[in-house]
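A.B. asks: In order, the protein sequence lines correspond to chains A and B.
Letter 165 of the first sequence, counting from 1, is numbered 165 in the working numbering, and no numbers are missing.
Just remember that the working numbering sits 1000 ahead of the position in the second sequence, which is counted from 1.
Since the hints were made in silico from the structure, they are not lab data.
Only a predicted model underlies this, so the values are computations on that prediction, with no experimental measurement involved.
Don't be surprised by glycine CBs; every beta carbon is placed ideally from N, CA and C.
Be a bit skeptical, because a hint or two may be false.
Incomplete in silico selection of chain B near chain A, CB under 10 Å [what the hints assert, rightly or not]:
| hint | residue |
| --- | --- |
| 1 | Asn1215 |
| 2 | Cys1228 |
| 3 | Arg1237 |
| 4 | Leu1238 |
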Amino acid sequence: MSNSYIHAEGLCFSYRDNDGKEEHPALKGVSVDIYEGEYVAVLGHNGSGKSTFAKLLNMILEPTGGTLVVGGMELTGKELTDDELLQLRRNVGMVFQNPDNQLVATIVEEDVAFGPENLGVPQPELRKRVEDAIAAVGMTSYAHHEPHRLSGGQKQRIAIAGIIAMMPKCIIFDESTAMLDPNGRKEVLDTIRLLNRDYGITVINITHYMNEAAEADRIIVMNDGLVLMEGTPDEVFAKREELVAVGLEVPQCAALIHELRRRGVLLEGTGISTPEACVELLQRALKART
Amino acid sequence: MKSVTFGQYYPAESLIHRLDPRTKVLLALFYIVCTFLCKSLVSFAALVASVCVLVLLSRIPMRLILRSLRPILFIIAFTSLINVFMTKGEHLLTPENWAVKIYAEGLWNALFMILRIMVLIVGTGIFLTYTTTPIALTDALEQLLSPLKKIKVPVHDFAMMMTIALRFIPTLTEETEKIMNAQKARGADFTSGSLLARAKALVPILVPLFVSAFNRAFDLASAMECRCYHGGEGRTRLNVLRYRAIDWVMMGAVIALGVTLILLNSCSFGFVLG
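Make a model of the complete structure from these sequences and hints.
C.D. replies: See below:
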């Protein structure tokens, strides 16, 4: 975790009205670094600019100000050629919210092949990439199924496989679990963790679920088009008041610790973002009492 | 989940099902030509025999094939009546003084016309709609028509549109049901009233359906861009269609059928078309 993969400085973006006159600023100067191999969660309530930020990273939207460097490629201040755009998008993949709206083909394996087909990957590498990608998300037995017969979580895993098959360095998950049921969400989160740990892919997970954010190495909290705070989950969830002030909550386990401390219970330690860490904290406190 | 079967595809394991879809498109065309080559009773008999062989080879149940003929019964009846009454010939069958004159040639013409239409429908059905999925058909057409790219016909783009349309039919069907239920829950009534009232009741379904379809289209466009889609140029394919021996054999067989039919035309048993 040494090299900065994504470097943004004073990044701005405004949506324009249809007549092009009025501007609605969505990002007002975002400066962050995301490092190679990192698992970052971006938190924020609706309209905080977190999805806009994600769409700038692979130039689905073009920033209106600031600098953005991705994988050593300067993206701002000039017109990108088509080749540069393709290069960027094969390196920075994106998984969207609605699994139905990102699957193109009527057979699972053909959908997974869509990305590498576009890149012109020749046979037999193409076949191998597709099979590996489907195996990586644990869907090998579904390779010849029709996507519309799968569950939401399975569809989303296929969408992820479609991105993996392009062999990206970084994958952005734009609220990819928001439309899934708890089981589907777990499937997708397990897959994300696996990609980050075993494949060394840089992961940016944009979400408004606190429990999901707690799994990340680092959390970036956005509010009103700006970065409000960043830090490890423990550091971020320690600032409960600030989070509540911008319409966010801390995970239930962290809330419990905060509540106990407010009532004067002495709890030593900083691990509050996962239930396991909280249990440890409480056990230690209980032992100290007896 | 609904099972969505478009068209009349009949899933089965048969020789015809296993053929390359491109072969089937070509065979359907050859077969149409064959039906028009027939002129004599003997060659028509051969044609009918060939269609029976195809039915057996394709393992499609007879009732499905008969059902496919139902919608064209009217056309068959109409054209054969016209043939019976309008054809002039030499062998008058009705008494001289009748106003309506029916000639033997008219009856033969009608019979041949009926056979020709029925074989045409059944034959193309066996090669295309019954044994080939729409998606395979799209692939086949894209590849068969790819020479047209040289004269700037956007073959790939049309095939892509077709694929996406097929992909989204089940999704939009599900969505329509959801919207209908939502409107029913709000007291909408789709089943009673005049035709006009019922048509009007569909508006609250169509409007949200269109809005959502457009939203889906925008999402899909972004997702495709993220997956480096930039048209058909420089694209490779995961599943490349390949002609196998059986494809060549079938094409040879149908061409041989055509030649046989032409030869049988000179056989003067029964009636021969002029």
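A.B. asks: Any CB of chain A closer than 10 Å to the CB of Asn1215/B?
C.D. replies: Asn1215/B check passes; min Cβ-Cβ to chain A is 8 Å, inside 10 Å.
A.B. asks: Checking hints one by one. Is Cys1228/B an interface residue toward chain A, by the C-beta closer than 10 Å rule?
C.D. replies: Nearest chain A Cβ about 4 Å off; hint holds.
A.B. asks: Against chain A, is Leu1238/B within 10 Å by beta-carbon distance?
C.D. replies: holds (4 Å)
A.B. asks: Min Cβ distance, Arg1237/B to chain A: is it shorter than 10 Å?
C.D. replies: holds (6 Å)
Hint violations for this structure: none, all hints satisfied.
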